[in-house]
Amino acid sequence: MVHAALETLFGLPAAERVPQKAVELILPSWERLLADAPDLIDLVPEDQRESFLDEARSLVTAYYQLEDPTRFEAESCEQRVETELADGVLLRGFVDRIDVAPTGEVRVVDYKTGRAPREMSESKALFQMKFYALVLLRTRGIVPAQLRLLYLASGTVLTYAPDEDELLRFERTLSAIWKAILAAGVTGDFRPKPSRLCDWCDHKSLCPSFGGTPPPYPGWPEGPAEDAPGFEEIVE
Numbered sequence: 001m002v003h004a005a006l007e008t009l010f011g012l013p014a015a016e017r018v019p020q021k022a023v024e025l026i027l028p029s030w031e032r033l034l035a036d037a038p039d040l041i042d043l044v045p046e047d048q049r050e051s052f053l054d055e056a057r058s059l060v061t062a063y064y065q066l067e068d069p070t071r072f073e074a075e076s077c078e079q080r081v082e083t084e085l086a087d088g089v090l091l092r093g094f095v096d097r098i099d100v101a102p103t104g105e106v107r108v109v110d111y112k113t114g115r116a117p118r119e120m121s122e123s124k125a126l127f128q129m130k131f132y133a134l135v136l137l138r139t140r141g142i143v144p145a146q147l148r149l150l151y152l153a154s155g156t157v158l159t160y161a162p163d164e165d166e167l168l169r170f171e172r173t174l175s176a177i178w179k180a181i182l183a184a185g186v187t188g189d190f191r192p193k194p195s196r197l198c199d200w201c202d203h204k205s206l207c208p209s210f211g212g213t214p215p216p217y218p219g220w221p222e223g224p225a226e227d228a229p230g231f232e233e234i235v236e
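UniProt numbering puts the last residue of the sequence shown at 236; the count rises by one with no breaks.
Honestly, the hints are just simulated from the structure, not real lab data.
Glycine included, each C-beta is placed from N, C-alpha and C at the ideal position.
Careful, some of the hints might be misleading.
List of simulated lysine to any residue pairs, SDA-like, C-alpha gap at most 25 Å [as the list claims (entries may be wrong)]:
#1 Lys179 with Phe127
#2 Lys179 with Pro216
#3 Lys179 with Gln128
#4 Lys21 with Thr156
For each label pair, taking beta carbons as the anchor points, the in silico distance ranges come out as [said to hold, decoys possible]:
#5 Glu50 with Asp87: 47 to 53 Å
#6 Gly219 with Asp163: 37 to 43 Å
#7 Pro28 with Thr83: 43 to 49 Å
#8 Glu31 with Asp165: 17 to 23 Å
#9 Glu82 with Glu31: 45 to 51 Å
#10 Gln65 with Glu166: 28 to 34 Å
#11 Ala180 with Pro218: 17 to 23 Å
With the sequences and hints as input, model every part of the structure.
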């Protein structure tokens with residue numbers, strides 16, 4: 001919803017992109033989301049709906065502490081990007097915002113409604129951004145000058161300037177990850193990686209890390225793993 005409101009905001013003339021307008025966009029953005037996916041209403045109990053919307057309004061208000069959207073134009077918002085690597089791995093995702101400076105430099109921006117990660121987790125946060133940077137390198141032939149993560153809840157900005165050699169190494173990493181997925185797909189040997197996120201998992205009772213037994217492996221979807229065309233999206 002916050003992403004949708006900010007996308008709409010950048011579709012307005014620059015002078016109209018003021019904080020009050022961003023706040024006003026929250027309710028219609030929520031209504032559009034419900035029109036597209038009515039089941040979303042079940043995720044927010046009725047007695048919590050107004051506080052849910054107020055929280056979203058607070059986040060778009062906090063956005064203005066990080067940027068002034070009246071001072072620049074975005075090239076695109078919620079841009080679908082896609083490319084196929086040399087070994088056939090398909091990369092696909094949606095970029096929150098792409099900015100292009102008058103001098104041609106490209107900036108990739110992603111909004112996060114949570115708080116900024118600790119320093120030790122920054123590399124994980126940047127994985128997604130390098131993914132986008134690699135797609136732009138392959139589709140446009142350019143290396144983004146800046147990757148920018150905006151953490152609205154904590155008012156924090158994480159920026160990174162990649163270089164081409166780094167992105168080429170990252171490309172090899174993605175290919176290795178996909179090969180490992182295909183290999184695991186043959187046997188169903190997908191190893192668990194316990195973390196604090198496990199506390200929100202509905203399948204803990206079936207996980208070996210918590211003493212559970214997984215159900216029988218049904219096999220790779222729609223045919224053997226060797227025939228899988230590539231992973232469509234590995235971000236978030």
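Against the structure, the hints:
Straight-line distance between C-alpha atoms of Lys179 and Phe127 comes to about 18 Å, which keeps the hinted pair within the 25 Å bound. This hinted pair checks out: Lys179 and Pro216 have alpha carbons roughly 23 Å apart, not beyond 25 Å. Proposed proximity of Lys179 and Gln128 is supported: the alpha carbons are some 19 Å apart, at most 25 Å. The straight-line distance between the Cα atoms of Lys21 and Thr156 is roughly 22 Å, inside the 25 Å bound, and the hint therefore holds.
Checked against the hint of 47 to 53 Å, the pair Glu50 and Asp87 passes, with Cβ atoms roughly 50 Å apart. A C-beta distance of roughly 41 Å is found between Gly219 and Asp163, which places it inside the suggested range of 37 to 43 Å. Hint check: Pro28 to Thr83, Cβ distance near 34 Å, so the stated range 43 to 49 Å is violated. For Glu31 and Asp165, the Cβ-Cβ distance of about 47 Å falls outside the hinted range of 17 to 23 Å, so the restraint is violated.
Checked against the given bound of 45 to 51 Å, the beta carbons of Glu82 and Glu31, roughly 30 Å apart, lie outside it. Checked against the given bound of 28 to 34 Å, the beta carbons of Gln65 and Glu166, roughly 30 Å apart, stay inside it. The supplied range of 17 to 23 Å is met by Ala180 and Pro218, whose beta-carbon atoms lie about 20 Å from each other.
Of the numbered hints stated above, those contradicted by the structure are hints 7, 8 and 9, listed in ascending order.
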